[in-house]
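Asks: This is what each chain is made of:
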Amino acid sequence: MDWSLFFLRIALAFYCLGFVSSFLPVLARLNTRRVTPWLASAGWLAHTGALVSLGRALHRCPLGTIPEVLSALAWSAVLVYLGVFWRYRLEVLHIVSLPLALVVMFVSGLLPEELIPLAPSLRPSLLRFHLTVIIFAIAALSISFAASLAYVLLDRVLKSKRPSRLGFRLPSLESCDSVGQVSLLWAFPLMTLGIVTGAIVSAGMNHTLWAWEPKETLAVVAWVILAVVLAARLVWGWRGRNAALLTIAAFAAVLLRVLGVY
Amino acid sequence: MPIVYGMNHSSAPLPVREKVAFPPQLLREAMTRLKGADGVVEALILSTCNRTDLIVQMSPEKASCVLTAFLMRERPVSGEELERHCYLHVEREAVRHVFRTAASLDSMVVGEAQILGQVKEAYALAEQSGSIGPVLDGLLRRAFSVAKRVRTETAIARHPVSIAYAAVGLARDIFGDLADRTVMILGAGKMARLAAEHLIGNGVSSILVANRSYQHADDLARVLGGRSVPFDRMLQEMQKADIVIASTASPQPIIGREDAQNVSRARRGRPIFFIDIAVPRDVDPGVNEVDNVYLYDLDDLQGLVRAGSDERRKEMVVAEKIVDQETEAYLGWMKSLEAAPAIVALRQHVHDIAEHEVSRYRARLGALSPTQEDALRQMVASLVNKLLHFPTLALKRSAAQEGGGRVELIREIFGIEPPSRTGSENGGADDAATEPAESTDRRDDR
Numbered sequence: 000m001d002w003s004l005f006f007l008r009i010a011l012a013f014y015c016l017g018f019v020s021s022f023l024p025v026l027a028r029l030n031t032r033r034v035t036p037w038l039a040s041a042g043w044l045a046h047t048g049a050l051v052s053l054g055r056a057l058h059r060c061p062l063g064t065i066p067e068v069l070s071a072l073a074w075s076a077v078l079v080y081l082g083v084f085w086r087y088r089l090e091v092l093h094i095v096s097l098p099l100a101l102v103v104m105f106v107s108g109l110l111p112e113e114l115i116p117l118a119p120s121l122r123p124s125l126l127r128f129h130l131t132v133i134i135f136a137i138a139a140l141s142i143s144f145a146a147s148l149a150y151v152l153l154d155r156v157l158k159s160k161r162p163s164r165l166g167f168r169l170p171s172l173e174s175c176d177s178v179g180q181v182s183l184l185w186a187f188p189l190m191t192l193g194i195v196t197g198a199i200v201s202a203g204m205n206h207t208l209w210a211w212e213p214k215e216t217l218a219v220v221a222w223v224i225l226a227v228v229l230a231a232r233l234v235w236g237w238r239g240r241n242a243a244l245l246t247i248a249a250f251a252a253v254l255l256r257v258l259g260v261y
Numbered sequence: 000m001p002i003v004y005g006m007n008h009s010s011a012p013l014p015v016r017e018k019v020a021f022p023p024q025l026l027r028e029a030m031t032r033l034k035g036a037d038g039v040v041e042a043l044i045l046s047t048c049n050r051t052d053l054i055v056q057m058s059p060e061k062a063s064c065v066l067t068a069f070l071m072r073e074r075p076v077s078g079e080e081l082e083r084h085c086y087l088h089v090e091r092e093a094v095r096h097v098f099r100t101a102a103s104l105d106s107m108v109v110g111e112a113q114i115l116g117q118v119k120e121a122y123a124l125a126e127q128s129g130s131i132g133p134v135l136d137g138l139l140r141r142a143f144s145v146a147k148r149v150r151t152e153t154a155i156a157r158h159p160v161s162i163a164y165a166a167v168g169l170a171r172d173i174f175g176d177l178a179d180r181t182v183m184i185l186g187a188g189k190m191a192r193l194a195a196e197h198l199i200g201n202g203v204s205s206i207l208v209a210n211r212s213y214q215h216a217d218d219l220a221r222v223l224g225g226r227s228v229p230f231d232r233m234l235q236e237m238q239k240a241d242i243v244i245a246s247t248a249s250p251q252p253i254i255g256r257e258d259a260q261n262v263s264r265a266r267r268g269r270p271i272f273f274i275d276i277a278v279p280r281d282v283d284p285g286v287n288e289v290d291n292v293y294l295y296d297l298d299d300l301q302g303l304v305r306a307g308s309d310e311r312r313k314e315m316v317v318a319e320k321i322v323d324q325e326t327e328a329y330l331g332w333m334k335s336l337e338a339a340p341a342i343v344a345l346r347q348h349v350h351d352i353a354e355h356e357v358s359r360y361r362a363r364l365g366a367l368s369p370t371q372e373d374a375l376r377q378m379v380a381s382l383v384n385k386l387l388h389f390p391t392l393a394l395k396r397s398a399a400q401e402g403g404g405r406v407e408l409i410r411e412i413f414g415i416e417p418p419s420r421t422g423s424e425n426g427g428a429d430d431a432a433t434e435p436a437e438s439t440d441r442r443d444d445r
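Protein sequences appear in the order of chains A and B.
Residue numbers for the first sequence follow numbering that gives the first Met the number 0, beginning at 0 and rising by one.
Residue numbers for the second sequence follow numbering that gives the first Met the number 0, beginning at 0 and rising by one.
Please keep in mind that the hints were generated in silico from the structure rather than gathered at the bench.
One should not assume that every hint holds.
To be verified - Using 25 Å as the maximum straight-line C-alpha spacing, the simulated PhoX-like pairs for lysine-lysine come out as follows:
1. B/Lys239 <-> A/Lys158
2. B/Lys34 <-> B/Lys147
3. B/Lys313 <-> A/Lys160
4. B/Lys119 <-> B/Lys189
5. B/Lys147 <-> B/Lys320
6. B/Lys147 <-> B/Lys119
Working from the sequences, and respecting the hints, build out all of it.
Replies: Below is the structure:
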């Protein structure tokens with residue numbers, strides 16, 4: 000029996016349930032949101048089981064193919080989401096993080112299981128390092144994105160002076176802002192490290208440090224936006240709506256890079 | 000059975016209500032006196048500015064005259080006024096009334112949170128004075144859980160009930176916790192003071208007051224425990240404020256768009272919340288368009304309250320359904336208690352027969368070892384319990400549904416004498432509650 004597939008299905012089932020339970024209160028008079036983090040935790044445990052058993056079955060780190068990388072990305076996104084949720088209790092994170100993990104896992108299921116080609120001169124550990132760093136950068140960025148999205152939504156609700164039509168209370172502007180900033184502080188150095196190691200990996204494969212391919216360009220665009228947001232926040236004391244909008248743009252670029260270009 | 004006698008904001012005008020309302024310091028003794036009144040078994044008085052309810056456990060026949068007489072003795076109110084403005088709810092209606100009151104469905108402002116606290120206070124007082132017993136205790140506890148259900152399962156408590164609530168709710172939407180926030184008050188009038196007190200009540204800790212007359216600002220700052228600020232330094236000081244309440248008598252706006260932009264820039268984009276309760280307005284409406292600045296004037300807040308009251312009205316339908324459900328559940332439970340005396344009698348009866356027969360045939364068994372003796376006793380006890388299991392269930396169920404029809408039948412089948420009506424109703428209820436423990440006790444006694 001293929002244990003990794005078995006665990007993966009369980010994880011998917013829990014993520015789906017968690018996703019449904021986070022959305023039900025918007026549609027119907029059901030207070031199911033309390034169970035969402037538990038479902039997500041259960042899914043994450045099963046997902047961990049899937050990754051571990053896959054690694055054991057293949058006798059290598061399960062970051063060898065694109066689907067594996069994406070699965071690890073979903074895993075780390077859920078991990079970061081759970082960590083931030085237990086710390087800050089922002090309910091809105093459910094609504095962004097779980098569908099995101101689901102989409103990434105779904106896409107990973109569609110892609111062919113080809114090994115990422117490696118130049119013989121390149122040490123595989125560098126590629127693994129690059130992927131791990133990038134994966135956590137994106138996971139942290141997804142939290143920043145969720146918080147920024149909540150900020151923009153709440154800002155609109157407050158400016159419109161009409162009571163919220165959403166089925167739930169958004170967290171306060173200040174807590175959205177601080178979660179956005181903290182997760183950005185994590186995402187940016189990781190992203191920088193990821194892009195640098197990526198360039199080295201690419202140099203090992205193509206013998207050029209930088210080819211102006213769309214995927215690389217997108218990554219750099221995302222990185223530049225992130226740098227601007229962070230500089231604006233830290234140096235010029237920018238906060239609030241514009242910072243949130245820029246974070247959303249940066250995340251969109253990263254997501255395009257991850258899902259669209261491969 | 001539970002009875003509610005009293006008046007509320009819809010049945011009586013304020014002049015009558017204030018005559019009937021009990022001063023808090025007299026309430027405890029009044030509850031004790033009410034319990035001492037003719038025919039009253041248990042008593043609780045709920046007295047707020049919007050209602051005075053006597054919640055009692057007694058038989059309904061004399062209730063009206065006894066309770067009217069009680070109110071006339073206690074409060075300076077005439078019998079005629081009471082007759083015109085009081086309601087008397089019996090059993091189902093009384094239960095529903097208590098549930099609706101605790102859930103804030105009977106309040107003048109539906110969904111306001113205060114009433115539940117007031118009911119809880121009255122309950123604590125009644126408990127201290129010893130005026131309530133098992134029936135009202137059960138009723139009130141159930142009412143608290145109904146109120147909680149209504150608050151969590153409907154959005155009735157989620158909408159602001161007044162301008163002040165709306166303003167605090169918005170401040171929480173922006174800042175989350177208000178504990179270490181600074182509020183600045185422009186103007187030193189009554190409105191400004193009320194608004195500030197409301198925010199302080201919600202945790203705001205530091206207060207700045209600016210007013211054209213520095214003396215007035217200083218006075219108000221002293222009352223509120225804050226700091227006064229010269230009026231011409233208002234804009235500089237505003238950079239420290241998270242919330243600004245404007246209520247000056249100025250004929251034209253004193254804060255323009257430019258000012259707000261400067262303040263926001265100086266605050267490095269941290270949000271600032273303007274509450275403009277002055278008429279004519281103190282803050283230029285354009286201020287709301289500045290990034291990270293939020294401006295609500297009197298109309299905006301009133302709009303929120305109005306929208307909230309529409310929402311609450313919709314939610315009331317759901318809440319009333321919950322109350323209906325809970326009322327039926329509670330009455331069913333009460334009725335199942337009524338079967339208690341019959342159940343006790345039945346068990347006693349069968350037990351006695353078994354004991355009698357055992358002692359009759361015991362001699363023929365000869366000498367028994369202690370283990371055998373035990374086994375014999377256990378066999379008899381378990382035989383009795385098993386035989387009575389379904390009749391007991393049937394009795395409880397029939398009592399909960401349609402009343403005592405089956406009770407008579409079972410009495411006839413088992414040949415039980417009708418009980419002499421000496422024991423109080425409550426005694427029976429207590430027995431039923433502890434019934435399983437009791438049967439084991441009995442086994443051990445012999």
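Asks: If you draw a straight line from the CA of B/Lys313 to the CA of A/Lys160, is it 25 Å or shorter?
Replies: Between B/Lys313 and A/Lys160 the Cα gap is close to 21 Å, so the pair holds against 25 Å.
Asks: Is it true that the CA of B/Lys147 sits at most 25 Å from the CA of B/Lys320?
Replies: 14 Å, holds
Asks: For the pair supplied as a hint, B/Lys119 and B/Lys189, is the alpha-carbon distance within the 25 Å limit?
Replies: 32 Å, violated
Asks: Next pair to validate is B/Lys147 with B/Lys119; report whether the Cα-Cα distance is within 25 Å.
Replies: 12 Å, holds
Asks: Within 25 Å, alpha carbon to alpha carbon, are B/Lys239 and A/Lys158?
Replies: At roughly 22 Å apart (the allowed maximum being 25 Å), A/Lys158 and B/Lys239 satisfy the hint.
Asks: Are B/Lys34 and B/Lys147 close enough, with their CA atoms no more than 25 Å apart?
Replies: This hinted pair is violated, its Cα atoms lying about 29 Å apart.
Hint compliance for this structure: hints 2 and 4 are not met, and every other hint is.
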